[in-house]
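Residue strings, one per chain:
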Amino acid sequence: MELHVNNATYEVDVEPEMPLLWVIRDILNLKGTKFACGIAQCGACTVHIDGEPVRSCSYPVSAAEGKLITTIEGLSENASHPVQQAWVKHQVPQCGYCQSGQIMAAVSLLNKKPQPTDADINAAMTNICRCGTYKRMREAIHDVAGSTAEFYQAQVVTERGEQS
Amino acid sequence: MNKPNTNLSRRKFLISSTAISGGFALGLQIPGANAQQESQSNAINIWVEIHEDDSVIIKYARTEMGQGSLTSAPQLVADDLDADWNQVSIEYVDVNEHIRNDRAWGDMVTVGSQTIRRSQDYLRQAGASARAMLVAAAAQAWDVPAEEITVANGDISHEASGRHSGFGAFAALAATMPVPETVSLKDPADWHIIGQPFPRVDIPASVDGSQIYGVDAELPGMVYAAVAQCPVFGGTVRSFDASTARERRGIMDIFTIDDGLALVVVADNWWRAKQALDQVNIDWDTKGNETVSNETILEFFRENLDAADGAPMPNNAGDADVAIADADQVLTADYYTPYLSHSPMEPMGATVHIQEDRVDVWTSTQAPVASLTSVATALGIPAEDVYLHRVQAGGGFGRRGGSTDYTRQAALVAQTLPTGTPVKLLWTREEDMQHDFYRPLAMYRIKAGLDADGKIQGWRARVASGSILNQMRGVPLNNGFDGISCEGFTRLPYQIEDQFQDFRQCATHVPLGFWRTVGWSQTPFAREQFIDELAVAAGEDPYHFRLKHMAEDELSRHILEQVANAVGWDEAPAEGRFRGIATTEPYGSFTAAVVELSVNDAGVINIHRVIQGINPGYVVNPDNVRAQLEGATVWAISAAMWGEITIEEGRVQESNFHNYRLMRLAEMPVMETVLAPTGGFWGGVGEPGQAPILPALCNAIYAATGTRVRSLPLQQHGFTLA
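Chains as they are written, first to last, in the numbering used here: chain A, 21 to 184; chain B, 9 to 730.
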């Protein structure tokens with residue numbers, strides 16, 4: 021089947037019920053998306069499918085066919101996404117293992133609600149961090165609020181520039 | 009205030025230097041780092057390299073798992089070197105080189121909040137020695153007295169002649185200078201890198217998916233292994249039927265290892281291996297442990313709480329029984345803390361690649377030497393032939409500190425496969441939660457008297473707990489006493505003339521391990537709540553009741569006062585809000601906390617504020633210390649609210665995060681951190697923050713509800729978290 025991941029297209033020969041996570045990690049060899057619970061509880065495996073956050077450990081690859089899949093590696097070039105930059109500025113990660121999923125969840129939230137309230141953050145940021153970096157995640161999201169639109173605008177301009 | 013130990017430890021180390029291309033490298037022998045120390049082995053351990061392009065490479069021996077010492081330990085070297093932090097890069101010490109050089113880098117383990125406090129002296133001396141040799145080289149080249157040369161921010165200068173230079177220009181010459189016999193370390197007042205909140209060097213890789221953990225190893229031709237161990241600890245495979253499983257796509261082999269301790273499925277993809285594993289019918293020999301349950305375990309512990317004799321603690325003094333008999337009031341209370349699982353986010357796993365002349369290993373570990381050695385032992389080969397690749401650990405918390413179960417499994421699987429086949433073995437979350445080395449279950453009984461003035465008169469405590477040292481490590485207990493289980497009791501910050509405390513080891517078949525903050529994760533639940541119970545009985549404020557018993561313990565008093573002042577303890581909280589306070593002395597540091605909360609009629613706890621303070625003596629990286637306190641608070645509240653591993657039919661009931669709840673972002677309280685370093689000593693940071701949170705929370709719950717919670721978790725008492 022054909023998968024569109026981070027602006028590339030891959031032809032994979034796998035069982036339709038194989039979770040997308042394992043295709044991403046072990047077939048496509050994109051290691052930024054993590055396995056931690058396997059039952060969609062913790063969100064370490066969060067990726068975007070057509071812009072929506074999805075826990076890929078419990079999402080059959082067949083359901084992703086023909087859709088646009090974005091992993092942490094495809095979020096930006098050189099970690100330039102405002103959420104990634106805010107994560108560095110606020111020194112959010114500790115061990116870092118859950119942070120790909122946390123960042124994907126935060127980006128999705130900010131795409132829908134550029135100025136999220138605390139309640140919005142509480143509702144959207146449900147991934148587990150065993151190191152307990154929640155305070156800084158909240159601060160980083162508030163800090164970046166409003167600036168994601170600029171980032172995407174700049175990307176569009178760059179892409180157009182490259183095409184012309 | 010008086011500061012103890014204002015003279016810093018000045019252990020002397022034999023310094024050695026060596027020329028490297030265009031520069032020099034400096035190391036020093038760490039006493040006790042290897043068995044051949046007395047015979048003056050030629051082992052060279054490089055801690056710092058100066059290159060001709062002015063770059064400085066600082067070596068890091070321990071593990072980064074989120075605690076931040078990959079950044080803070082090199083800050084110690086760089087400061088006494090007077091380097092510019094921007095010219096510094098950090099590299100891991102190679103474990104194989106360490107093994108081949110008589111373990112010259114000393115202790116590599118990352119446990120017990122030790123990295124800074126147990127290596128600060130030699131790391132700072134490495135920096136100071138390299139600086140001294142650069143100065144000597146500059147003095148020779150410029151033909152000026154070394155005393156006239158100053159070094160600051162990577163710049164060597166001679167004021168009188170106006171000359172200055174970067175490090176690189178003198179690096180090669182420095183390699184030829186005699187190594188200094190002694191160097192003096194900077195006065196803390198002159199530190200310019202220690203104490204700075206530099207960003208952690210590993211964080212950029214954690215935001216773009218490029219951070220490599222043990223489970224991320226990938227090699228050409230790699231195969232994948234899924235494992236099942238007997239749900240009842242210690243059980244083995246009696247027989248198995250894999251006929252259906254073998255027919256599945258990608259399955260390469262199915263076999264047992266380690267005399268049946270685990271059954272393994274090997275496939276061309278881990279998911280396929282795991283799916284097939286679920287279809288193997290395994291007949292387990294549970295070896296009699298299938299009759300053990302929480303009920304039988306608790307009964308066994310209660311018997312030990314009631315038993316007459318225990319192993320006495322070293323700080324016993326006076327006659328507690330007489331003092332209590334003469335007291336105005338007497339209080340007794342029993343407390344219970346359950347087994348807990350570490351559950352780091354990265355599951356257990358290891359990749360092993362056996363080739364003819366070498367074996368390569370990738371695994372996240374807090375004990376790289378133990379991991380390497382476990383592979384050598386499993387394969388029956390010299391440790392010198394094993395190469396362990398250093399990676400970030402996706403959380404450790406004690407799970408990866410010397411328990412090398414999964415690393416051994418990966419080696420045994422690799423040995424079973426055709427030579428040259430790399431194999432990645434990975435556990436599921438369920439396997440991790442049900443085959444952990446658990447925080448010991450423990451029960452505590454404390455009895456104390458109060459005199460007519462509300463002073464504690466006589467104190468008795470019994471600790472009934474498993475012993476990690478004895479059960480996991482096989483360390484024989486000295487007269488039956490285990491100090492780790494009794495942390496928190498062996499040095500009371502409260503002045504009580506007559507005290508008697510003892511310990512009884514309670515061994516069950518449940519494996520035990522070091523869990524973040526170890527004994528200090530549970531003993532304060534009993535000690536600091538009982539102090540509150542005494543304060544209530546005496547009709548006194550719990551903060552001032554503590555202070556009045558701490559006249560002789562200035563550092564305990566200091567941190568408690570700092571936190572109480574930060575919260576404004578003596579002013580009442582807002583209507584409907586209640587506070588709890590607690591103080592602890594873990595890992596060479598002093599920590600105290602106040603929790604402010606409200607509880608509604610339905611038992612819903614709303615934590616409004618947590619104020620957490622630490623005095624670690626010196627603060628190397630303040631932002632990182634705050635991060636550790638924040639994380640430790642989350643850790644403690646998760647354990648308090650929901651943490652419980654229970655045993656039925658000899659096996660763990662909890663299996664994943666749906667029934668072993670961990671705190672999520674929405675539940676994170678407002679958190680304030682108080683850094684109150686007094687100087688004069690070096691304490692730990694990663695673990696101490698947790699210790700006072702649990703009792704401060706439970707003391708606040710008592711203040712709010714009048715319910716004294718003497719067993720955990722809180723969900724068993726009908727409490728939930730808002």
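Any given hint might turn out to be false.
Among the chain A residues that face chain B by a calculated CB cut under 8 Å, a handful are [as the list claims (entries may be wrong)]:
| # | residue |
| --- | --- |
| 1 | Gln114 |
| 2 | Cys151 |
| 3 | Gly166 |
What the simulated footprint calls covered on chain A by chain B, stretch by stretch (three residues with Cβ under 8 Å from a Cβ of chain B suffice, anywhere in the stretch; the number is not a length) [stated by the list, open to error]:
| # | segment |
| --- | --- |
| 4 | 24–31 |
| 5 | 84–97 |
| 6 | 117–129 |
| 7 | 139–145 |
Facing chain B, according to a computed beta carbon distance under 7 Å, are these residues of chain A, among others [claimed, not checked]:
| # | residue |
| --- | --- |
| 8 | Met38 |
| 9 | Ala56 |
| 10 | Ala60 |
| 11 | Gln61 |
| 12 | Ala64 |
| 13 | Tyr79 |
| 14 | Gln104 |
| 15 | Gln111 |
| 16 | Ile148 |
| 17 | Gly152 |
| 18 | Lys155 |
| 19 | Phe171 |
| 20 | Tyr172 |
What the hints contain is simulated information worked out from the structure, not anything from laboratory work. Where is the CB? At the ideal position from N, CA and C, for every residue including glycine.
Practice task
Enumerate the violated hints, using their earlier numbering and listing them in ascending order.
Solution key: 3, 4, 10, 13, 19, 20
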